[in-house]
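Chemist: Sequence:
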Amino acid sequence: MDNDDAMIGRILSRREVIKLLGAAGATLLAGCAPATSTTSTVPTSAAAPTPALNAEAASAAALDSPTAQATAAAELATAEAANTAVASSEAAVPACVVRPEVTEGPYYVDVDLLRSDIRADATSGEVRAGAPLVVTFSVAQVNDGSCGPLAGATVEIWHCDAVGAYSGVSDRSFDTQGQTWLRGAQVTDANGIATFTTIYPGWYQGRAIHIHFKVSPSENQVFTSQLFFDETLSDQVFAQAPYAGRGQRNTLNSNDNIYDDLLLLTTTQTADGYAATFPIGIDLSTIGSGQGGGPGGPAPRS
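Residue numbers (this note's numbering): 1 to 302.
Calculated from the structure, these hints are not laboratory results.
Treat the hints with care, since some could be wrong.
Derived CB-CB ranges, DEER-like [stated by the list, open to error]:
| hint | residue 1 | residue 2 | range |
| --- | --- | --- | --- |
| 1 | Thr268 | Gln248 | 22 to 32 Å |
| 2 | Ser173 | Leu114 | 25 to 35 Å |
| 3 | Gln240 | Ser146 | 43 to 53 Å |
| 4 | Gln248 | Gln269 | 22 to 32 Å |
| 5 | Ala129 | Asn250 | 19 to 29 Å |
All residues carry an ideal CB built from backbone N, CA and C; glycine is no exception.
All chains should be built: construct the whole structure from the sequences, respecting the hints.
Modeler: Right under this line is the structure:
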């Protein structure tokens with residue numbers, strides 16, 4: 001089989017996202033302009049001329065003026081307020097970043113399981129072993145110049161277990177048909193949040209560590225992509241059971257044909273395992289049915 005996925009979507013750049021914030025953002029940025037290049041004019045007396053000063057001395061003399069000091073203080077306050085506003089605006093931007101879309105790959109199975117904890121098989125109840133991982137999706141709607149929480153969207157995830165096997169499929173190295181572990185879906189709440197409890201994914205030859213996901217704002221709209229993990233963290237996890245002893249990985253983020261920085265999870269260690277939040281903006285005008293999406297299939301396994 002060929003590689004798991006191929007890039008098919010587009011990325012909304014940070015510049016485009018800021019533009020989507022509308023006139024309010026533009027006004028904010030315009031308000032910052034005076035702070036970048038302001039000068040003070042010190043009133044001069046019509047009395048006898050004063051000796052010429054070099055630039056450094058002139059600057060010091062100008063600051064001795066009460067009027068100049070007041071003006072400088074006002075300008076400083078304005079600049080600080082503008083910088084704070086810009087920082088607040090930029091902090092809000094990531095939730096509206098539209099991520100790259102990729103094909104679903106060969107191991108997608110529509111199991112129709114609405115659940116938050118996806119570690120167990122729905123029939124047997126057997127829990128898949130691995131380091132606990134909580135992934136929270138923060139889904140926003142980017143549409144018609146606005147950005148806000150997208151409620152009622154279905155978020156579905158699936159990934160391999162600690163030894164690189166997927167449930168519900170038949171492959172030359174495993175047959176897990178009828179099993180449903182590490183698959184499930186959630187519906188975003190009023191704040192656009194959907195949270196899953198799962199395990200840290202394992203690896204297989206030809207692909208970097210990843211989680212597949214779909215976001216469906218409606219029945220006829222599907223956005224499909226993947227999440228990736230920091231390599232240093234993966235090395236730490238894979239040094240422990242049940243991941244250890246499987247040999248050397250041959251594909252990292254750096255040589256995975258689908259990896260993108262915008263799909264990298266920021267993962268933190270918790271008392272029980274690991275946790276990550278993934279903010280994603282969905283541009284309703286650009287996503288389709290999610291059918292097809294190009295060829296898929298992982299590289300041969302070792």
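Chemist: Against each hint, give a clear statement of whether it holds in the structure.
Modeler: A quick look at each hint next to the structure:
no.: 1; hint: Thr268 to Gln248: 22 to 32 Å; result: holds, 27 Å
no.: 2; hint: Ser173 to Leu114: 25 to 35 Å; result: holds, 30 Å
no.: 3; hint: Gln240 to Ser146: 43 to 53 Å; result: holds, 45 Å
no.: 4; hint: Gln248 to Gln269: 22 to 32 Å; result: holds, 24 Å
no.: 5; hint: Ala129 to Asn250: 19 to 29 Å; result: holds, 24 Å
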